[in-house]
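Numbering-wise, the numbering used here puts 45 at position 45 of the sequence shown, and it's gapless, one number per residue.
Any given hint could turn out to be false.
Unchecked claim - Estimated spans, in silico, between C-beta atoms of each pair: (1) Ile59 with Leu5: 42 to 48 Å; (2) Gly26 with Ile61: 22 to 28 Å; (3) Ala16 with Gly42: 28 to 34 Å; (4) Asn6 with Asp60: 44 to 50 Å; (5) Asn65 with Glu38: 42 to 48 Å; (6) Thr4 with Leu25: 20 to 26 Å; (7) Val13 with Lys39: 17 to 23 Å.
To be verified - Subject to a maximum C-alpha distance of 20 Å in a straight line, what follows is the list of computed EDC-like cross-link-like pairs (lysine to aspartate or glutamate): (8) Lys64 with Asp53; (9) Lys48 with Glu58; (10) Lys15 with Glu38.
No lab work stands behind these hints, which were simulated from the structure alone. Don't be surprised by glycine CBs; every beta carbon is placed ideally from N, CA and C.
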Amino acid sequence: MAATLNVNNLMEVRKAGLQALNEALGTVGMIRFIQQYEKGSGDYTKEKYQTPDLAIEEIDIMLKNR
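Hey, can you work out the whole structure from these sequences and the hints?
Structural data, given as structure tokens:
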């Protein structure tokens, strides 16, 4: 017998929904399904050129200073 789902508990609903999607579609299918509902923001094409390319040494320094 399946457990009763408390639809008033959003965490339970989310967990059950993800589990159902994973069982029906597999992990990759579940992720692709969820990506259809994620809202993007900004203009990637424009914004990708606003951040300068960093050398690996600069990235290393930034990570160490974090």
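Hints, verified against the model:
Under the hint 42 to 48 Å, the C-beta atoms of Ile59 and Leu5, about 45 Å apart, fit the expected range. One distance hint, 22 to 28 Å for the beta-carbon pair Gly26 and Ile61, is violated here, with the actual separation near 41 Å. Between Ala16 and Gly42, the C-beta spacing of about 33 Å keeps the proposed range 28 to 34 Å intact. Checked against the hint of 44 to 50 Å, the pair Asn6 and Asp60 passes, with Cβ atoms roughly 48 Å apart.
About 31 Å separates the C-beta atoms of Asn65 and Glu38, a value inconsistent with the hinted range of 42 to 48 Å. Remark: the range hint 20 to 26 Å for Thr4 to Leu25 is upheld by a beta-carbon distance near 24 Å. As the Cβ distance of Val13 to Lys39 is approximately 20 Å, the hint placing it in 17 to 23 Å holds. Of the pairs offered as hints, the one joining Lys64 and Asp53 holds, with about 18 Å between alpha carbons and a cut-off of 20 Å not exceeded.
Pair hint Lys48 plus Glu58 holds up; C-alpha atoms about 18 Å apart against a cutoff of 20 Å. In summary, the hint linking Lys15 to Glu38 is supported, as the alpha carbons are separated by about 17 Å, within the 20 Å threshold.
Checked against the numbered hints listed earlier, the structure breaks hints 2 and 5; every other hint is satisfied.
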